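*Asks:* Listed below are the residues making up each chain.
Number of protein chains: 4
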Amino acid sequence: MTDVEIGRGKSGRRAYSLGEIGIVPARRTRDPEEVSITWQIDAYRFGMPLMACPMDSVVSPATAIAIGRLGGLAVLDLEGLWTRYEDPEPLLAEVTELDEQAATRRLQAMYAEPISEDLIGRRIAEIAGAGVTTAASLSPQRTARYAKAVLDAGLDIFVIRGTTVSAEHVSGRAEPLNLKQFIYELDVPVVVGGCATYTAALHLMRTGAAGVLVGFGGGSGHTTVAVLGVAVPMATAIADVAAARRDYLDESGGRYVHVIADGSMTSSGDIAKALAIGADAVMVGSPLARASEAPGRGYHWGHEANHTELPRGARVRVGTIGTLEQILHGPSTVPDGSMNLMGALRRTMATAGYSDLKEFQRVEVVVADSGLPRAQR
Amino acid sequence: MTDVEIGRGKSGRRAYSLGEIGIVPARRTRDPEEVSITWQIDAYRFGMPLMACPMDSVVSPATAIAIGRLGGLAVLDLEGLWTRYEDPEPLLAEVTELDEQAATRRLQAMYAEPISEDLIGRRIAEIAGAGVTTAASLSPQRTARYAKAVLDAGLDIFVIRGTTVSAEHVSGRAEPLNLKQFIYELDVPVVVGGCATYTAALHLMRTGAAGVLVGFGGGSGHTTVAVLGVAVPMATAIADVAAARRDYLDESGGRYVHVIADGSMTSSGDIAKALAIGADAVMVGSPLARASEAPGRGYHWGHEANHTELPRGARVRVGTIGTLEQILHGPSTVPDGSMNLMGALRRTMATAGYSDLKEFQRVEVVVADSGLPRAQR
Amino acid sequence: MTDVEIGRGKSGRRAYSLGEIGIVPARRTRDPEEVSITWQIDAYRFGMPLMACPMDSVVSPATAIAIGRLGGLAVLDLEGLWTRYEDPEPLLAEVTELDEQAATRRLQAMYAEPISEDLIGRRIAEIAGAGVTTAASLSPQRTARYAKAVLDAGLDIFVIRGTTVSAEHVSGRAEPLNLKQFIYELDVPVVVGGCATYTAALHLMRTGAAGVLVGFGGGSGHTTVAVLGVAVPMATAIADVAAARRDYLDESGGRYVHVIADGSMTSSGDIAKALAIGADAVMVGSPLARASEAPGRGYHWGHEANHTELPRGARVRVGTIGTLEQILHGPSTVPDGSMNLMGALRRTMATAGYSDLKEFQRVEVVVADSGLPRAQR
Amino acid sequence: MTDVEIGRGKSGRRAYSLGEIGIVPARRTRDPEEVSITWQIDAYRFGMPLMACPMDSVVSPATAIAIGRLGGLAVLDLEGLWTRYEDPEPLLAEVTELDEQAATRRLQAMYAEPISEDLIGRRIAEIAGAGVTTAASLSPQRTARYAKAVLDAGLDIFVIRGTTVSAEHVSGRAEPLNLKQFIYELDVPVVVGGCATYTAALHLMRTGAAGVLVGFGGGSGHTTVAVLGVAVPMATAIADVAAARRDYLDESGGRYVHVIADGSMTSSGDIAKALAIGADAVMVGSPLARASEAPGRGYHWGHEANHTELPRGARVRVGTIGTLEQILHGPSTVPDGSMNLMGALRRTMATAGYSDLKEFQRVEVVVADSGLPRAQR
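Residue numbers (this note's numbering), protein chains in the order written: chain A, 334 to 710; chain B, 334 to 710; chain C, 334 to 710; chain D, 334 to 710.
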């Protein structure tokens, strides 16, 4: 570990972002067609290692189905508009009309509406009815309260997601969620996070989770570092948690917990880098918010944006560039890494000579400071 | 210490700014309500570890009272407009009308008016009359001359503040302030600075000061590095002075001198980082200059801006975003770390699992170069 | 090798771009007239160490002849417009009319036209007819198919060029090109690439190539890092491949394989740096696309820009600044390193005291992070 | 020395610019009035350690006199307009009228006029007539030819200045200047440069020079790194040459050769940093080109800008901010380090506790990467 002395009284580790990383093709090359990008977690198998972020601008029941059919796994936010409103479409449309100043206040108001357990059940059923794998998320604070409604609806994969989720939460007000016991008693696989360090991830793995989310839940518009000062650049976070996966595999006698990079990826190049550094899959938001089917209609925001007292994210304009299919599988008509995300991943792996994702985690990388073009960082 | 060779004839230490630091949540999490952010210096106890900078754009008698009631400690600049003019309000209003070119010259003229000892007494009495803790500042050059007027007024906490304050000032013109003797003879606690190194801080601690200010007095508009070439990035300065606190605690057999980060913090994230690296409290200007009550009316400037011969700061437009209460305690309606500064601090500590400020100084941090988003540095 | 730990599970080498490098004059100086910049590869001798990139915006039969007469070596792209259309001039003119949005789509369509073997032969003959050395390029995927047509036309230097070319390509669909056998059976010298590492280059050298291209084929508008995540900053890539040249020289008992830096150079300063770090010659595109004779008419694009499913480059406006002669040999009327590329190289070598290119590879350099002016990086 | 491996085949030293340096006040403070900034080279004593660059936009006979009277030493460019034209004022006025495109071409034409030996003599006499110390410069190429005219005019300090000047120039055309013999035979002290490394400086010192210029002659608009790839960031260059001064002092049994930082300083902070790192004096251009008396009338250019075949500098607009006296001695009415350069230097030294320039070379400094505010780098 590369510790630097900040001053006499404090040291810190040097940490790296995906923008500082370059993948190095250093051996044989392959045809892209020879490459497999399938991903399996627990009993569920997917055509691509990609989850869609539980954000209202990205995942609605309709896009969850569409993404599932295209080979990915979309996670519905059970604390979003779809479980608070019978018909959130007018609200989603309204968000696009707000000016910069008013956006945060209006989002705070929209999300003040109570969550309906009935709607939780119906939304999950709607997705399941289409025959795709269902996944949905709750924050740790609300998991205990709504878990029964979720499970009754027959969810396939349970996601517990917050800015920072720890295996041991301390609270004087209420009995906090006992993650280990909760997961133990559950029949469905649980993906949990965010976390960003070896130790935090190892503790989450020990709760029995099938996967851990790496990152602090940031979408394109998140401002966690400005508001909280909390930041662990993504490349370092992934590499650390991947090491926890390896050590936990040994410790547990063979449980392989999936490492899912969550946020900080805006192009196909970033996705390839996250996998190259050790992630098993990625969870992305803004790249999918640019789809013509996206409920955000060219705008993008996450949970951070509507916190009642301390919003930590902005509604950002991302634009609309093509269909979900084009964004995931091409063909691309733009040269900036925003379309054909999975075609690009295949080509990166082919160029570097790897035929599956697990092997690709061993690819050589360089760290470049001002080495990479500014425009592309 | 990480010394780098600049060239064969000179080496220097690698130093870090707050913008290069990220706080790492790495253990349990807590409810924000479980977190204490109270701060005590000498006999004075505060609801938050925050001092307001002695700058005319931030602290008037009225805002000193307001900030005190909200739990903080405001420091009135005794060499500012409030001790030079019976009614400075018209001048404060005039500053907002100046164009960029004229601002420095007009400020130079406004601050050429003599300081009135009578006004010193009346301003302090005005604040004390409201029942809040009083604090006010003088530069080292004028401390001897005006100290009696200040003490007669019954000030609680005496602040001696300059760009750089040393324990041993050399002057051929006049008897310089003997800090050690001055503080020894005083009945009130003294906070003194700026300083930015272990050695300078240790010498200031030995004068008997209750707290030392870390930094070179820079507000948002300061240009010390351009004018003087003097610069010690804040993260390194805090970590160094925190080490001096620890060593002086031992040397003195138990005197705990408070380390107060002064300047270079523009968001709640920066405040959290300063405390994470070892500060006991922060002294901020521009974040409070954005309050609707702020005397600067959306503009901000410090002493540096009105030096007769060598101005080292600019009047900058910071805008008005909400009330002092909103800025300090929320609720926030913006996602950029400019509102609910103390709510954000609680959440950072909760996220990282710490329950009081002293413990929080041990939180893990990373150093990221281009790792942190540009927009937020 | 300077490996940095990205996180516990992954390390990577620190890599440097040309923008971080400065050449250091540290001994005697010379007259520029005393300097030789001639370059010889195989039996071909050139007045300058410069190849023109096989890009339709740079090399047409006419500019290939012009560049040859000025002392350089232009490479015609045999998969470009000149082998797909009897008269590509109207198409080249049309590209300049496209708006940013439409450019990629239209390029995709233009390059969908089939390649004509007849045109391959005629284009090469056209250049050869002018008496200059002929060079032309194919991608590895199409080399086997069109090689006969190329050789029948009597090409002097064969270039096999792709984003990444490896000595051992794996394909399940078709028999991949066996580079070693192909080169062995060929009578003409082969230049092959891109590659960016010691190992990849060493394997290419072992195929019998006369020269290897360093880089990933990027022109000014390439976006490989955004789309694929693949990036090796050029200074490090050149230094690595130069080491492979030295080791292969020993291993082969005396075969000197030329190292040709391909792309990432936009000014005469960049060209000098590439040679200073170990390149024998450079292959440039955008600097020549600015010539009044350039077929791109002030626009510039590479193969990456027209990929059917995954474009990885943009058509960029580079403008027109002078004749090919002025750009290569001056006189320059602009101070930005875009004109008199070879006069500048002579002067750099003279300033640093070197009289030929092979010696100049030993010149001292510095690595500067934010040291070099931003505008010039 | 901190060598970094660029790649397997090449290493380079990590070098630092002034923008990466911060001066650290770490001991006692002083009154600015207690500080001496006088400078003596050979028999000439000056009120400040500042030379004005031989650039037509800065030094005319009139400003040479004015700068001399203000305590500095201005160097007249003997290859500039003042020795080519009886009355260059109309040409100087014309430069301000040129647009960006035309500037370089017109400068090339203006400077094509032959140099008059008669004018050399008269310009020097004009300055000497005012009673100030005279200094003037020639390039190494023209030194032999015009030296007699210069010496006959009774010049006090001879400056030989080029982008890179070495002790041993190699030329096949003509007998190059033998610096050592030339200086030996001269009665006046010689200042010679630029150079940027320990070795090059040591060789220049051995020629008998009284001072060496550190840097590559760059004014604000120079583009040496873009055109030639040549660059040694200034902080490293000064520290290296200062080490050569120390070693040569020992080797020579006591000859102290002055180290004069030439270029790359745009603010008073930069000047303080250059001296802090080891320079004995600075040579500045653009800061003085902003004077109302400056012959450039708000524009600035150097020799690099008018090279016939390879211009390596641009005419840049710097604006006019005040009189020479204000710029050098204040009072300042702007907070950006562009006025009261010497007042600022005094204050920096006072703040850091040093009373003369030689001692100040020992001041502590930090190296900050992104630590220093961007706007001020």
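A portion of the hints provided could be inaccurate.
Since the list can't tell identical chains apart, any single copy or any two copies may satisfy a pair.
Unchecked claim - Derived pair list, reagent style SDA-like, types lysine to any residue, alpha-carbon separation capped at 20 Å:
(1) LYS691 / ARG341
(2) LYS513 / ARG360
(3) LYS691 / SER344
(4) LYS691 / ILE516
(5) LYS481 / ASP669
(6) LYS691 / SER472
(7) LYS691 / VAL503
(8) LYS691 / VAL667
(9) LYS513 / ARG361
(10) LYS513 / MET443
(11) LYS513 / ASP364
(12) LYS513 / LEU424
(13) LYS691 / PHE379
(14) LYS691 / PRO473
Read the hints as simulated data drawn from the structure, not as lab findings.
Bear in mind that the values here come from a model prediction, so they are computed numbers and not experimental data.
*Asks:* Now tell me, hint by hint, if it's right for this structure.
*Replies:* Hints and how they fare:
1. In this assembly of identical chains, the alpha carbons of LYS691 and ARG341 lie at most 20 Å apart only when taken from different copies (17 Å versus 42 Å within one copy).
2. In this assembly of identical chains, LYS513 and ARG360 lie within 20 Å of each other by CA distance solely across copies; the values are 15 Å between and 43 Å within a copy.
3. Within a single copy, LYS691 and SER344 get their C-alpha atoms only as close as 34 Å, which misses the 20 Å cut-off; across copies the closest is 17 Å, which meets it.
4. In this homomeric assembly, LYS691 and ILE516 never come within 20 Å of each other (Cα to Cα): the closest approach is 26 Å inside a single copy and 35 Å across copies.
5. When the C-alpha separation of LYS481 and ASP669 is checked against a cutoff of 20 Å, the pair qualifies neither within a copy, at 43 Å, nor between copies, at 36 Å.
6. In the homo-oligomer, the alpha carbons of LYS691 and SER472 never lie at most 20 Å apart, since the shortest distance is 30 Å inside one protomer and 29 Å across protomers.
7. Taking the shortest alpha-carbon separations for LYS691 and VAL503, only the inter-copy value of 18 Å comes in at or below 20 Å, while the best intra-copy value is 36 Å.
8. For a Cα distance limit of 20 Å, the shortest separation of LYS691 from VAL667 qualifies neither inside one copy, at 29 Å, nor across copies, at 42 Å.
9. Only between protomers do LYS513 and ARG361 lie at most 20 Å apart by alpha-carbon distance; the minimum there is 14 Å, versus 44 Å within a single protomer.
10. In this homomeric assembly, LYS513 and MET443 never come within 20 Å of each other (Cα to Cα): the closest approach is 33 Å inside a single copy and 59 Å across copies.
11. Taking the shortest alpha-carbon separations for LYS513 and ASP364, only the inter-copy value of 19 Å comes in at or below 20 Å, while the best intra-copy value is 44 Å.
12. Taking the closest pair of Cα atoms, LYS513 and LEU424 never come within 20 Å of each other, the shortest separation being 37 Å inside a single copy and 63 Å across copies.
13. Taking the shortest alpha-carbon separations for LYS691 and PHE379, only the intra-copy value of 15 Å comes in at or below 20 Å, while the best inter-copy value is 48 Å.
14. For the identical chains of this complex, LYS691 and PRO473 are neighbours neither inside a copy (30 Å) nor across copies (27 Å), given an alpha-carbon limit of 20 Å.
Hint compliance for this structure: hints 4, 5, 6, 8, 10, 12 and 14 are not met, and every other hint is.
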